[in-house]
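Here's the letter readout for the chains.
Protein chains: 2
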Amino acid sequence: MCELLGMSANVPTDIRFSFAALARRGGETGPHVDGWGISFYEGRGCRTFHDPEPSARSELAKLLRNYPIKSRIVVAHVRKANRGRVSLENTHPFSRELWGRRWTFAHNGQLKGVKRLPLTGFHPVGTTDSEHAFCWMLGQLQARWRALPKPAVLDRAVADLCAELHGRGVFNMLLTDSRSLYAHCGKRLCYLTRCAPFGTATLVDEDWRVDFAQETTERDVVTVIATQALTRDETWTDLARGDVLVLRDGGIRLVKPGQGPARTLAAPVSGPHAC
Amino acid sequence: MCELLGMSANVPTDIRFSFAALARRGGETGPHVDGWGISFYEGRGCRTFHDPEPSARSELAKLLRNYPIKSRIVVAHVRKANRGRVSLENTHPFSRELWGRRWTFAHNGQLKGVKRLPLTGFHPVGTTDSEHAFCWMLGQLQARWRALPKPAVLDRAVADLCAELHGRGVFNMLLTDSRSLYAHCGKRLCYLTRCAPFGTATLVDEDWRVDFAQETTERDVVTVIATQALTRDETWTDLARGDVLVLRDGGIRLVKPGQGPARTLAAPVSGPHAC
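Heads up: the sequence lines are chains A and B, in that order.
For the first sequence, counting from 1, position 60 maps to 60 in UniProt numbering; every step adds exactly one.
For the second sequence, counting from 1, position 4 maps to 4 in UniProt numbering; every step adds exactly one.
Among the clues, some could well be false.
One copy or two, either will do: identical chains are not told apart, so a pair holds if it fits within one copy or between any two.
[Unchecked claim] Derived SDA-like pairs: lysine to any residue, alpha-carbon spacing no greater than 25 Å straight-line:
hint	residue 1	residue 2
1	Lys62	Arg101
2	Lys187	Gly251
3	Lys62	Arg16
4	Lys62	Glu218
5	Lys62	Phe17
6	Lys150	Thr120
7	Lys256	Arg232
8	Lys62	Gly45
9	Lys80	Trp99
10	Lys150	Ser180
11	Lys62	Ala196
12	Lys150	Thr217
13	Lys115	Gly45
14	Lys70	Lys80
15	Lys150	Glu164
16	Lys115	Arg253
17	Lys70	Ser58
18	Lys112	Arg85
Just so you know, these hints were derived from the structure itself, not from any lab.
Can you build the whole structure from these sequences, using the hints too?
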């Protein structure tokens, strides 16, 4: 298995605090030693850092800890390989361009027979089931529209594709088109939203404590989603299996499998303060 | 204008020496302050570092100077913007997947009316002429074959597409499919091959001197291509306008515009030693 970390915010936000916890799980506080990667979106542009080394011992991960990149969407992954050898081309997140947008995808779990799903416009560079699933999803979307559809229409289409993959095994996933961040819970994902009045938080994996009131303005809204809670003194909300969260500008909409339109969620309680 | 740097080698090779010279041209020894990027191939996998900051003052460029990545193909670029604002999505190199290969492209020069070239499977994320030209090239290749053709066939097709863009302005370009590195000379490109017996070299842009005999084995072959010579005590060979070099495993083949099959070149003299 692997672990995922995603972020959606309404202002460019520094993810280093959350990423520090995830990175330690790649060989210190967790067993995910088979590579890691992180994608930062700045508008439509995206930069991705990949390393097949364990994140807890990676020089590149250490560098990122000291290098603030402010981003409104982040997708990160630490890998424990089950299918596909340990190599750069098998290191998540994977990315492709569709409709002039840069799409990024990361997955944890195992999928049965996914390589039998037919591919059209997109093909894997590596050998993982995950990249095959990503290529299949994008091919399905490309076949349906010639240009990026409206958000609500795309939300439902992504949720339907997730439901199909959910039937094949464990499909915990993060996917973004640079506008929305989609999260599908196959087995385990949790999230929280930070907004005013901001409090403090301490990582689970090390004694790093941040007072968000010092780092933010009153209008900031930041939602973080992860396989397991990253902080020990905030309240993380578990997603149910089969749920899809759609995050835009830090706000959350929930798509339940096989149901009608997405439902906007009130942001959950986060630490000692609600928003 | 911008500057380009490419490398092809038959063994995983550390590019930091050459990249140090290029990076200084992004704001110190050259005026290319509008972002930079570098792609390293490790097998079929690729990692790219992008930064819209000037490379001479970039924290990320400094980090890479201390972080050895051994690669067989490298494409790097420092940008002086003429078309398309300074932003992450307009920062070269650009990349796409085609036929299950990761393609990477960097360009220097200006092209007239290139945005009128029709696009099919690939679309720009940013607003540069360069990314449009790249998307057009890949679309043309995709329309012609369903899977990666044999190298010699692809070489000729890439050379023909380059010739078409060459007619529209200045098209100095590096392109790779993770197997071959293509270089087209629109106005200015030069190269050298380092192989046994290895000598020493000193950068043009700073007093960094390397004795390659200490860093290599007798069988290593490394070809470096750049807009302007990077070292002051080696002999760089200028390409003629319209020439396409095809680099595989450090070896060089020259495709002259409008002529028959590619011609294998004897590697040129490099410093005090020939190979």
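Hints and how they fare:
Proximity of lysine 62 and arginine 101 under a CA criterion of 25 Å is satisfied in neither setting, with 30 Å inside one chain copy and 30 Å between copies. Taking the shortest Cα distances, lysine 187 and glycine 251 sit within 25 Å of each other inside one copy (23 Å), while across copies they are farther apart (50 Å). Proximity of lysine 62 and arginine 16 under a CA criterion of 25 Å is satisfied in both settings, with 10 Å inside one chain copy and 19 Å between copies. For the homomeric pair lysine 62 and glutamate 218, neither the shortest alpha-carbon distance inside one copy (31 Å) nor that between copies (35 Å) is at most 25 Å.
For the homomeric pair lysine 62 and phenylalanine 17, the shortest alpha-carbon distances inside one copy (12 Å) and between copies (22 Å) are both at most 25 Å. In the homo-oligomer, the alpha carbons of lysine 150 and threonine 120 lie at most 25 Å apart both inside one protomer (23 Å) and across protomers (22 Å), since each shortest distance falls under that limit. Taking the shortest alpha-carbon separations for lysine 256 and arginine 232, neither the intra-copy value of 28 Å nor the inter-copy value of 65 Å comes in at or below 25 Å. For the identical chains of this complex, lysine 62 and glycine 45 are neighbours both inside a copy (23 Å) and across copies (22 Å), given an alpha-carbon limit of 25 Å.
Neither within a single protomer nor between protomers do lysine 80 and tryptophan 99 lie at most 25 Å apart by alpha-carbon distance, with minima of 32 Å and 27 Å respectively. Taking the shortest Cα distances, lysine 150 and serine 180 sit within 25 Å of each other inside one copy (11 Å), while across copies they are farther apart (40 Å). For the homomeric pair lysine 62 and alanine 196, neither the shortest alpha-carbon distance inside one copy (30 Å) nor that between copies (37 Å) is at most 25 Å. For the identical chains of this complex, lysine 150 and threonine 217 are neighbours neither inside a copy (30 Å) nor across copies (57 Å), given an alpha-carbon limit of 25 Å.
Taking the shortest alpha-carbon separations for lysine 115 and glycine 45, only the inter-copy value of 20 Å comes in at or below 25 Å, while the best intra-copy value is 30 Å. Proximity of lysine 70 to lysine 80 under the C-alpha cut-off of 25 Å is restricted to the inter-copy arrangement: shortest distance 24 Å between copies versus 28 Å within a copy. For the homomeric pair lysine 150 and glutamate 164, the shortest alpha-carbon distance inside one copy (22 Å) is at most 25 Å, but the shortest distance between copies (37 Å) is not. Taking the closest pair of Cα atoms, lysine 115 and arginine 253 never come within 25 Å of each other, the shortest separation being 31 Å inside a single copy and 38 Å across copies.
In this homomeric assembly, lysine 70 and serine 58 come within 25 Å of each other (Cα to Cα) both inside a single copy, at 21 Å, and across copies, at 15 Å. Taking the shortest alpha-carbon separations for lysine 112 and arginine 85, only the intra-copy value of 18 Å comes in at or below 25 Å, while the best inter-copy value is 45 Å.
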